[in-house]
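Just so you know, the sequences run in chain order A and B.
With the numbering used here applied, the first sequence covers 1 to 446.
With the numbering used here applied, the second sequence covers 1 to 177.
Hints are computed from structural coordinates only; laboratory data are not their basis.
Possibly wrong hints are sitting among the right ones.
Straight-line C-alpha distance at most 25 angstroms; calculated PhoX-like pairs for lysine-lysine [unchecked claim]:
1) A:K240 / A:K325
2) A:K33 / A:K163
3) A:K56 / A:K203
4) B:K40 / A:K196
5) B:K165 / A:K291
6) B:K94 / B:K120
7) B:K40 / A:K215
8) A:K46 / A:K79
9) A:K426 / A:K294
10) A:K21 / B:K165
11) B:K40 / A:K158
12) A:K145 / A:K158
13) B:K165 / B:K120
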Amino acid sequence: MPMTEPVLTKRIPTYPYGDPKDRHAVWYDEYVKTGGYEALAAALEKEPAAIVDTVKDSNLRGRGGAGFPCGLKWTFLPKDYEGQRYLAVNSDESEPCTFKDRMLLDFDPHQLLEGIAITCWACGLQTAYIYIRGEYHEQAVTVQKAIDEAYKNGVFGKQGLMKGKVDFAVDCYLHRGAGAYVCGEETGLLESLEGKRGWPRIKPPFPAVAGLFGKPTIINNVETLACVPHIVQHGSEWFKSLGCESTIGGPPSYGTKLMGVSGHVNRPGVYECDLGFSLRTLIDEYCQGMKGGKKLKAIIPGGISMGVLTADQVDAELDFDIGRKNDLLGLGTACPTVLDEDTDMIMVARNITRFFKNESCGQCTPCREGSGWIYKILCRIEEGEGTTRDLDLLLEIAGSMGAMPGTTICGLADGNNWAVRTIINKFRDEFEARVKPSLVPVTMSV
Amino acid sequence: MAWITKDSATQQIERRDEPYLSDEMTSYYTDSILPRYANKRAALLPILHDVQHHVGYLPFQALEEIATFLELTAAEVLDTASFYDDFFLEPVGKHVIGVCQSIACEACGHETMLGHLCSKLNIEPGETTPDGLFTVRTMECLGSCDTAPCALFGEERQDDLTVEKIDALIDKLSGDA
Chain A
1 MPMTEPVLTK RIPTYPYGDP KDRHAVWYDE YVKTGGYEAL AAALEKEPAA
51 IVDTVKDSNL RGRGGAGFPC GLKWTFLPKD YEGQRYLAVN SDESEPCTFK
101 DRMLLDFDPH QLLEGIAITC WACGLQTAYI YIRGEYHEQA VTVQKAIDEA
151 YKNGVFGKQG LMKGKVDFAV DCYLHRGAGA YVCGEETGLL ESLEGKRGWP
201 RIKPPFPAVA GLFGKPTIIN NVETLACVPH IVQHGSEWFK SLGCESTIGG
251 PPSYGTKLMG VSGHVNRPGV YECDLGFSLR TLIDEYCQGM KGGKKLKAII
301 PGGISMGVLT ADQVDAELDF DIGRKNDLLG LGTACPTVLD EDTDMIMVAR
351 NITRFFKNES CGQCTPCREG SGWIYKILCR IEEGEGTTRD LDLLLEIAGS
401 MGAMPGTTIC GLADGNNWAV RTIINKFRDE FEARVKPSLV PVTMSV
Chain B
1 MAWITKDSAT QQIERRDEPY LSDEMTSYYT DSILPRYANK RAALLPILHD
51 VQHHVGYLPF QALEEIATFL ELTAAEVLDT ASFYDDFFLE PVGKHVIGVC
101 QSIACEACGH ETMLGHLCSK LNIEPGETTP DGLFTVRTME CLGSCDTAPC
151 ALFGEERQDD LTVEKIDALI DKLSGDA
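Bound conformation, chain A alone (with noise of 0.2 angstroms):
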């Protein structure tokens, strides 16, 4: 069954229904008006363990970019642990191309923070901290005010959680980063909050067990705890009535998703669909259809990380099949990229691999050397200067660097990898006009 009315976006008008015109900040007075914290009062009433059982059973998988399923991630937690545990949310969204989670925290950051409390209810969490990425200055101030009127409302506080109703006290703090992309993966994430550069961690052990300062740690992303609320309030079972089911015998992909579709169409914006929503759709119809009414060339379909699909492929449905079925490495953040047939590969490629060159946190060679090496190349090709034999080499730099492989620690160079192996796969033709013949030397016997 199709999604009837927003979701998550119940309080931001989105099209199609409603305006974006018409969005703004909505606090606390608002929230609680229109049916705000209702869910964390019901939640309240329940045994912790049974919310995490109804988030288990919901089968909602993280909506960060890997798909991990959430309640899983609960369950890892030691059981029979009394000490400090922590909750560390994920909004350091610095993928390029997406920022559907900026829409969240601009307009409704109430609905994270009862996702947060609630959680932190379910799975025992006496410290949530909202790792913000550091240029989101306005949305900082945006969230940090919620997080006081919260305070000043008694949602946290040492009283206990919603005005001490229960016997179990939440503290939520906004930690801001600095601009470091690498700080999104989770280990990556603790280390900063720690005080510290934000290398990634080699795991085991898992942050469930040991994360941050050592104790056990879960890490949600914003999007995936915006939907807690909803699937405590309305059970598991309206919430795999949305989305949909594997048709390739994988998991499936149940709930709404934000969409952010950014480039050349009519309407670039945030969209809330059912998960398996049609990528021409999205672009026709949703986003108004191509700008200038030029012809589609290529979408990079969730951040840049998982590769491209070309016109072809448009017909792709946007679930978590979608790595499997196109030829990517996943959904990703489900933040679309529309390019239009102006667009010149090579320099996506270029600047793609730029990214991830800058990003790099250094910790692993075959990333920071890799993404360099990649990155040379590609300027060298976009100048007319690269030969075909730049095109191997580059197919087998970024075939050999990556978690995958087993040579480095996180997925970034994973992410490296496939935009350039896509793109250059996929786009071959366009690479091959741009770069010289390799001479090779003939040589003749009489």
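Let chain A serve as the given structure and place chain B on it in line with the hints.
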């Protein structure tokens, strides 16, 4: 990010008599920031943000003072501060303009905007105007791809940039000075 090499052994640190961390600042940190975290080091990022907000950048002397305050070594503070792009270890202009250069912005005309901005201010990205008013830097994705091309003017994001819009913003900021 990545790696910075510098002549640490021979480098002279500029010093002034008045400390960068005022009593007012340290008591604010002690009362409001330190209690949030399980150890002192975790307060480093919020404190670096605050000092940079007051001073405009992070002088080495200030890093040393922060190190003393948090019971860390100066090297540990520098290690963290030098990792993050948003911490400036050298003086910057009064207004720092960060132009987004990531893919959605480059596909939607970032180059024209950056070129116009640089030629108007007569500087290259990474440089500061001689009057110390403006610094232009390129940044990776600002998280506003739907309004590309965009840029951060100080702490305020400016969306859907055009040449005219840049002119108006620069004129306004120059007038305010």
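| query | Do the alpha carbons of K56 (chain A) and K203 (chain A) lie within 25 angstroms of each other, as the hint requires? | reply | holds (23 angstroms)
| request: Take a quick look at whether K21 (chain A) and K165 (chain B) sit within 25 angstroms of each other, Cα to Cα. | output: holds (21 angstroms)
| query | Would the pair K240 (chain A) and K325 (chain A) pass a check requiring their Cα atoms to be no farther apart than 25 angstroms? | reply | holds (22 angstroms)
| Holds or violated: K40 (chain B) to K215 (chain A), with C-alpha atoms at most 25 angstroms apart | holds (16 angstroms)
| For the pair supplied as a hint, K40 (chain B) and K158 (chain A), is the alpha-carbon distance within the 25 angstroms limit? | With Cα atoms ~22 angstroms apart, K40 (chain B) and K158 (chain A) stay inside 25 angstroms; holds.
| request: With a cut-off of 25 angstroms on the C-alpha distance, tell me whether K94 (chain B) and K120 (chain B) pass. | output: Distance of about 17 angstroms is within 25 angstroms: holds.
| Going straight from one Cα to the other, do K165 (chain B) and K120 (chain B) come out at no more than 25 angstroms? | Satisfied, since the Cα-Cα distance of roughly 13 angstroms is no more than 25 angstroms.
| request: Below or equal to 25 angstroms on CA atoms is what counts here, so check K426 (chain A) against K294 (chain A). | output: holds (20 angstroms)
| field | Agreement of K145 (chain A) and K158 (chain A) with the hint, judged by alpha carbon distance not exceeding 25 angstroms | value | holds (19 angstroms)
| Given the hinted pair K165 (chain B) and K291 (chain A), is their alpha-carbon gap at most 25 angstroms? | holds (21 angstroms)
| task | Verify the proposed pairing of K33 (chain A) with K163 (chain A), using a straight-line Cα cut of 25 angstroms. | result | holds (18 angstroms)
| field | 25 angstroms limit on alpha-carbon distance, applied to hinted pair K46 (chain A) and K79 (chain A) | value | holds (18 angstroms)
Consistency with the previously given hints is maintained throughout, with no hint failing.
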